[in-house]
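Novice: Here's the letter readout for the chains.
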Amino acid sequence: MGDETQISAERRLDPRWALLGCLGFVVAVILTPLGAWKALGSEALLLAFFVGYLGVNLGSLARRWLGLCPLLVVLAVLLGISHPARAGEHAAGFIAAILARNGVALVAVLALGLVYSAVTLIQTLRRLGCPALVVSTLHFMNRYSHVLVEERNRMLIASRARSFGRKRSLWARWSMLGNLLGALFLRAMERGERVHTAMVSRGWDGTIRSLADSEQTR
Amino acid sequence: MIGPWRKRTQKTESQSEAPASALDQNSQLTASPASIRLHDLCYQYPDGRQALDHLRLTIQAGECVALVGPNGAGKSTLLLHLNGILPGRTTGGALHSHGADDPQATSRRNPGQVWIEGLQVNTANGPQVRRMVGLVFQDPDDQLFSPTILEDVAFGPLNLGLKPAEARTLALQCLERVNLAAEAHRPPQHLSFGARKRACLAGVLACNPSILALDEPTANLDPRGRRRFIELIRSLSATKLIASHDLDMVVELCPRTILIDQGQVIADGPTRAILANEPLLSAHGLEVPLSLILEARTSSEPAEKPIMPA
Numbered sequence: 001m002g003d004e005t006q007i008s009a010e011r012r013l014d015p016r017w018a019l020l021g022c023l024g025f026v027v028a029v030i031l032t033p034l035g036a037w038k039a040l041g042s043e044a045l046l047l048a049f050f051v052g053y054l055g056v057n058l059g060s061l062a063r064r065w066l067g068l069c070p071l072l073v074v075l076a077v078l079l080g081i082s083h084p085a086r087a088g089e090h091a092a093g094f095i096a097a098i099l100a101r102n103g104v105a106l107v108a109v110l111a112l113g114l115v116y117s118a119v120t121l122i123q124t125l126r127r128l129g130c131p132a133l134v135v136s137t138l139h140f141m142n143r144y145s146h147v148l149v150e151e152r153n154r155m156l157i158a159s160r161a162r163s164f165g166r167k168r169s170l171w172a173r174w175s176m177l178g179n180l181l182g183a184l185f186l187r188a189m190e191r192g193e194r195v196h197t198a199m200v201s202r203g204w205d206g207t208i209r210s211l212a213d214s215e216q217t218r
Numbered sequence: 001m002i003g004p005w006r007k008r009t010q011k012t013e014s015q016s017e018a019p020a021s022a023l024d025q026n027s028q029l030t031a032s033p034a035s036i037r038l039h040d041l042c043y044q045y046p047d048g049r050q051a052l053d054h055l056r057l058t059i060q061a062g063e064c065v066a067l068v069g070p071n072g073a074g075k076s077t078l079l080l081h082l083n084g085i086l087p088g089r090t091t092g093g094a095l096h097s098h099g100a101d102d103p104q105a106t107s108r109r110n111p112g113q114v115w116i117e118g119l120q121v122n123t124a125n126g127p128q129v130r131r132m133v134g135l136v137f138q139d140p141d142d143q144l145f146s147p148t149i150l151e152d153v154a155f156g157p158l159n160l161g162l163k164p165a166e167a168r169t170l171a172l173q174c175l176e177r178v179n180l181a182a183e184a185h186r187p188p189q190h191l192s193f194g195a196r197k198r199a200c201l202a203g204v205l206a207c208n209p210s211i212l213a214l215d216e217p218t219a220n221l222d223p224r225g226r227r228r229f230i231e232l233i234r235s236l237s238a239t240k241l242i243a244s245h246d247l248d249m250v251v252e253l254c255p256r257t258i259l260i261d262q263g264q265v266i267a268d269g270p271t272r273a274i275l276a277n278e279p280l281l282s283a284h285g286l287e288v289p290l291s292l293i294l295e296a297r298t299s300s301e302p303a304e305k306p307i308m309p310a
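Sequence order for the protein chains is H and Y. Taking my numbering, the leading residue of the first sequence gets 1, the next gets one more, and so forth. Taking my numbering, the leading residue of the second sequence gets 1, the next gets one more, and so forth.
Here chain H stands alone, though its shape is the one from the complex:
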């Protein structure tokens, strides 16, 4: 997926409609009664049409979906066992229904994320009337998630470079991960201070202003 896919998708469907459509679709899928397989199948077909229409990269979609599948399974099992609506129904069928429903909703969200960039989607939220403060926070999260991932990668490489291929126990690995996350958190805090300083030095007074809108939100 590159810029070209995104531009072509944007030409075919305005990101506002795509975002609203996706939200509506997810709500519809979640409201579909468990076990209503025909309704769920129709929704899946509709989704498949849009996935094809927008030119979603199926390989990337499958990879991301499979990557999140373990989480879906855990949630489906936890919900399936304890759900009050089960009422004597076989747990496996109930869990499968939850899994199918959530799986379809997840495909919709992932497809949206694949055809539109994070920046486009966040800007679309603003165009849809989302408060500027929320939009700015999302922009910051998106911008600095890349910086943090780079820092994490550098720290992992530095750690591996000094591990000399030695196998570590599970406890030692968890301990190392904890240290790494702690260091990353402290670096993120320091980065936050420096970013704030940079903002203040260019006249920021606590008010979020953007080229996209003339409104000012405090």
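Derived by calculation from the structure, the hints in this document are not laboratory data. Certain hints may be false.
What the hints assert, rightly or not - To be clear about the criterion: a stretch of chain H counts as covered by chain Y if any three or more of its residues have a C-beta under 8 angstroms from a C-beta of chain Y, and this derived list gives those stretches: (1) 116 to 130; (2) 135 to 149; (3) 195 to 204.
Stated by the list, open to error - Partial list, computed: chain H residues near chain Y (C-beta under 10 angstroms): (4) Leu-99; (5) Ala-100; (6) Asn-102; (7) Arg-191; (8) Arg-209; (9) Ser-210.
As the list claims (entries may be wrong) - Negatives, chain Y to chain H, calculated, CB over 12 angstroms: (10) Ser-32; (11) Thr-148; (12) Arg-186; (13) Pro-188; (14) Gly-203; (15) Glu-231; (16) Ser-235; (17) Asp-261; (18) Val-265; (19) Ala-267; (20) Pro-279.
Note that beta-carbon positions come from the ideal geometry of N, C-alpha and C, so glycine has one too.
Mind docking chain Y on chain H? Use the hints.
Specialist: Below, chain Y alone, put in the same frame as chain H:
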């Protein structure tokens, strides 16, 4: 260049409470206020370490001055004081503010003071001072926080009160100036390090400052990026204060150098005189730049005879 918004309603240098002796020391100030003047500036880090220790210096308008010194000498801290980001303090605790006067900060401020073009820097006139001083940070990721380069360069002008359409035009002009107009709509993380540095400079130029404070402008740049950045800095007419370890760049750009160590001015004078003084430099963790070494060698050695073909 001075924007129309710059009203000199605040206390100016000649009216301030600076000790008379300090003004006497800077007789040049009598005609027109210095671009930058620091008098007895002190600053302690929150851990109690003294970063700036009664630091005094004066920089006239249009000068290009290098600030050199070992790591931890207080160079970056000094730059942050120029636009009131770090008010002087004798005790710990962050004193960031968005320009509103902070009585606590005022009470903790030490006698050391900073003047920018005659305007005393304090929390009350912070916003005015920040319009005059453009600060370029060492790490471009600290400065480029907006979703696109264009948005980031327009951040300053929008805060200065320009309308979005005007800010966009100005941002595009500044990006053109640093040869990044084609990248205007790209996210910062998709640009090379050198391009991000130039975008930072564009963001500061868009605020139209009369003083530029650059923190390690050539750090981590490849030779081509470094050369491009040096030429860009050279082309700017503002008063420049450049904190750097790149002493070859200092020789090339700055006629005057200030050496600081442990928060104090150790030497202040012509760049070549200071940077050729090996005992002085090695006493403060620096080395004579290669360009000066080579220059000295070529002037002392007899010119090599050209090798003629047989």
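Novice: Give a verdict on every hint.
Specialist: Evaluated hints:
1. 116 to 130: Holds: 3 residues of the stretch 116 to 130 of chain H have a Cβ under 8 angstroms from chain Y.
2. 135 to 149: Since three or more residues must qualify, the claim that chain Y covers the stretch 135 to 149 of chain H holds, with 7 doing so at under 8 angstroms.
3. 195 to 204: holds (count 10)
4. Leu-99: violated (35 angstroms)
5. Ala-100: Violated. Min distance 36 angstroms.
6. Asn-102: violated (30 angstroms)
7. Arg-191: With a minimum Cβ separation of about 7 angstroms from chain Y (threshold 10 angstroms), the hint on Arg-191 (chain H) holds.
8. Arg-209: holds (4 angstroms)
9. Ser-210: holds (7 angstroms)
10. Ser-32: holds (25 angstroms)
11. Thr-148: Label violated. Min Cβ-Cβ 7 angstroms, cutoff 12 angstroms.
12. Arg-186: violated (9 angstroms)
13. Pro-188: violated (7 angstroms)
14. Gly-203: violated (7 angstroms)
15. Glu-231: holds (24 angstroms)
16. Ser-235: Nearest chain H Cβ is 21 angstroms from Ser-235 (chain Y), so the label holds.
17. Asp-261: The assertion about Asp-261 (chain Y) holds, with a minimum of 24 angstroms to chain H.
18. Val-265: Fine: 24 angstroms to the nearest Cβ keeps Val-265 (chain Y) off the interface.
19. Ala-267: holds (28 angstroms)
20. Pro-279: Given a closest Cβ separation of 36 angstroms, the condition holds.
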